[in-house]
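So in my numbering, spot 129 of the sequence shown is number 129, and the numbers just go up one at a time.
Worth flagging that the hints you see were computed from the coordinates, not collected in a lab.
There may be inaccurate statements among the hints.
Derived DSSO-like pairs: lysine-lysine, alpha-carbon spacing no greater than 27 Å straight-line [stated by the list, open to error]: (1) K68 / K20; (2) K26 / K182; (3) K6 / K34.
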Amino acid sequence: MLVGSKMIALGSKAPDFALKDTVSGKTLILSELKSNVGTVIVFICNHCPFVHHINSKLVEVANKYQAKGVQFIAISSNDADFYPQDGPEMMNRVAKNEGYSFPYLYDESQKVGLAYQAECTPDFFVFGENLELVYRGRFDETRPNRGRPTGSELSEALDALISGREISQEQYPSIGCSIKWK
Numbered sequence: 001m002l003v004g005s006k007m008i009a010l011g012s013k014a015p016d017f018a019l020k021d022t023v024s025g026k027t028l029i030l031s032e033l034k035s036n037v038g039t040v041i042v043f044i045c046n047h048c049p050f051v052h053h054i055n056s057k058l059v060e061v062a063n064k065y066q067a068k069g070v071q072f073i074a075i076s077s078n079d080a081d082f083y084p085q086d087g088p089e090m091m092n093r094v095a096k097n098e099g100y101s102f103p104y105l106y107d108e109s110q111k112v113g114l115a116y117q118a119e120c121t122p123d124f125f126v127f128g129e130n131l132e133l134v135y136r137g138r139f140d141e142t143r144p145n146r147g148r149p150t151g152s153e154l155s156e157a158l159d160a161l162i163s164g165r166e167i168s169q170e171q172y173p174s175i176g177c178s179i180k181w182k
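Take these sequences, add in the hints, and give me the full structure.
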């Protein structure tokens, strides 16, 4: 089902979490992962065509901005009982096959997805150094079979954050597959 992201209030604080990384097997905590430059949290999953559409460009954008001190964290909150392709074992494979340079965390209880009010995959949240929300919404304006992904909107927000410029208040919801709630 096609869903748009909820545009929660800018300035909202990032809820802390402790989730298992499907690649390292370690439990990772936001307060320990966060960057003093900025932290991107993106809700994704393995089966969504909207995530497939941006995956390789997401890796490219993440690599570029991680080199500038921005932390990227991917989370899947999908119900793996009904969508086994979104479970931890397949998440591990996807992260390795796609070359994720960032943690890919599994939110089995779905409490983190609910705390962030994530609605779809992909759904992006960018937080400043004090974990205050400065950007939420889409990667760019493209869709599967409609343009090549650029990551332009996320990149513009990150460029502004890094340089200390004001981030445009004109932000658009992401559109993608609904998160599969239990």
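Comparing the hints with the structure gives:
Taking the CA atoms of K68 and K20, the gap is about 25 Å. The hint holds against a cut of 27 Å. Pair hint K26 plus K182 holds up; C-alpha atoms about 24 Å apart against a cutoff of 27 Å. As the CA atoms of K6 and K34 are separated by approximately 23 Å, the hinted pair is consistent with the 27 Å bound.
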